[in-house]
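Chemist: So the chains spell out like this:
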Amino acid sequence: MRHQRTLMIAALALITSASAATLEKGVLKIGMEGTYPPFTYKDEQNQLVGFDVDIAKAVAAKLGLKTEFVLTEWSGILAGLQANKYDVIVNQVGVTAERQKSIAFSTPYAYSSAQIIVRKNDNAAYKTLASLKGKRVGVGLGSNYEKMLRDAGGINVVTYPGASEYLRDLAVGRLDAALNDRLMVGYFAKSQNLPVKGAGVIEDPQAIAIALKKTNTDLKAKIDRALLQLKADGTYAKISRKWFGQDVSKK
Amino acid sequence: MNITQSMIDALPVLLTGARITVLYAVGAMLLGLPLAFLVALGRSAPWPPVRWLLDLYVSFIRGTPLLVQIFVLYYGLPGLGVTLDPVTSGVAALSLNVAAYMSVTIRASLDAVGRGQREAARSLGLSSSQTMRFVVLPQALRIGLPSLMNSLIGLIKDTSLVSVITVTELLRSAQLVIARTFEPFGPYLAAALIYWLISSLLGLVQSRLERRLHRPGPA
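Sequence lines, in order, name chains A and B. Under this note's numbering, the first residue of the first sequence is numbered 1, with each subsequent residue one higher. Under this note's numbering, the first residue of the second sequence is numbered 1001, with each subsequent residue one higher.
Everything labelled a hint here was simulated from the structure, so no lab data went into it. Predicted, not measured: the structure shown is a model, and the values here were computed from it. Wrong hints could be hidden among the right ones.
What the hints assert, rightly or not - The following label-pair restraints were derived from C-beta to C-beta distances:
#1 K101(A) <-> K1157(B): 38 to 44 angstroms
#2 R136(A) <-> P1048(B): 54 to 60 angstroms
#3 D1085(B) <-> R136(A): 37 to 43 angstroms
#4 Q229(A) <-> V1082(B): 36 to 42 angstroms
#5 V1026(B) <-> R136(A): 40 to 46 angstroms
Just so it is clear, CB atoms sit at the ideal spot from N, CA and C, and this is done for glycine as well.
With the sequences and hints as input, model every part of the structure.
Modeler: What follows is the structure in structure tokens.
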């Protein structure tokens, strides 16, 4: 037992020293998907762009840190944070009570709601989660939307590594509907040629925040301050309008 | 958009990913082959605990999916305080995996060299290490080469699994393109062709090596 405890302490020491070292080296490692437009994705020039990318860069700039982006599937993204693969996740992570048990969140930098997505030619009116009963609904594995679908009960939930996979399956008819971020659907309506459209919005606004390890309290305080400064100096509004044509910092 | 066009558009990104794929495969080969050899020899070591440990290792690797092994190394180990970066854990998982399979081939090849060959060599006055180097190994290599090369070609394809641990290799590169274009066929097909090309090149090396080893004359 004693031995085990020593090992645990050694492990803890390693973890804390790793998180402290981040700021010393001057690099903020940011976990994100890279396959989730318009939040994080690669553009035609193979550059990582998106709303969350801009937010992450702006925060890092306020902290005087360089950025290093680590791209990973959503399904492994929270595990990667616990395993010290990066310092923070900036990838539309919704603040939930369940997640707060194991990870810490910055002050929210956006609010969004879930929206049902259907094929363009589908006239079925899916307005609420209840209307999806018995349907095949695609969703990101381990996402908050997956939890919403499962909690609703009676829905045939099909999980995928990322949004691009289930939106494609929806488009080709292997799914009846999908559930995702209202902001993403709005972006799609404008700029994608995938034959899908938004249906009912689940009116339950969700706070979106930067996720980090609970032990990283110092970094959390700094990020919170940086987010407040970005909102005060107008940088945030500029980023938000660039991607959504509106300020998404309010509910 | 037609498929050829979307394949061509995806190509620059895919080639960057292909470089990473080759890097992982080469890294795993360079570490895996010597490791496989050590394991093969160790499994007939005169110390039972060493043999048991190595038998356990080979059995575990052969009895679990590579994908799970990658997850254990990358996401699991940090629970014990050991945090490996994606390159280290990816190469480690691939080498440990390919080494286990190759060690079995190597052992079988060594065993396939008849006992008489060793006895003859010893009676001619060669030491046991000389017997190994000059008599057993050259013959074992000839026997084991085709299946060793098959393991290496398999390794190229297995690298696609490291896409799950934040590595932007060939498969993940294709997914990044698809996430933007929602045009899956072109990028996936192009990625498949690149894997095929790399494997075929290795296959070519294999047949060259085999022909060379079967040439009569001093080894």
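Chemist: None of the hints should be skipped; say for each whether it holds.
Modeler: Evaluation of the provided hints:
no., hint, verdict
1, K101(A) <-> K1157(B): 38 to 44 angstroms, "holds, 40 angstroms"
2, R136(A) <-> P1048(B): 54 to 60 angstroms, "holds, 55 angstroms"
3, D1085(B) <-> R136(A): 37 to 43 angstroms, "holds, 38 angstroms"
4, Q229(A) <-> V1082(B): 36 to 42 angstroms, "holds, 37 angstroms"
5, V1026(B) <-> R136(A): 40 to 46 angstroms, "holds, 43 angstroms"
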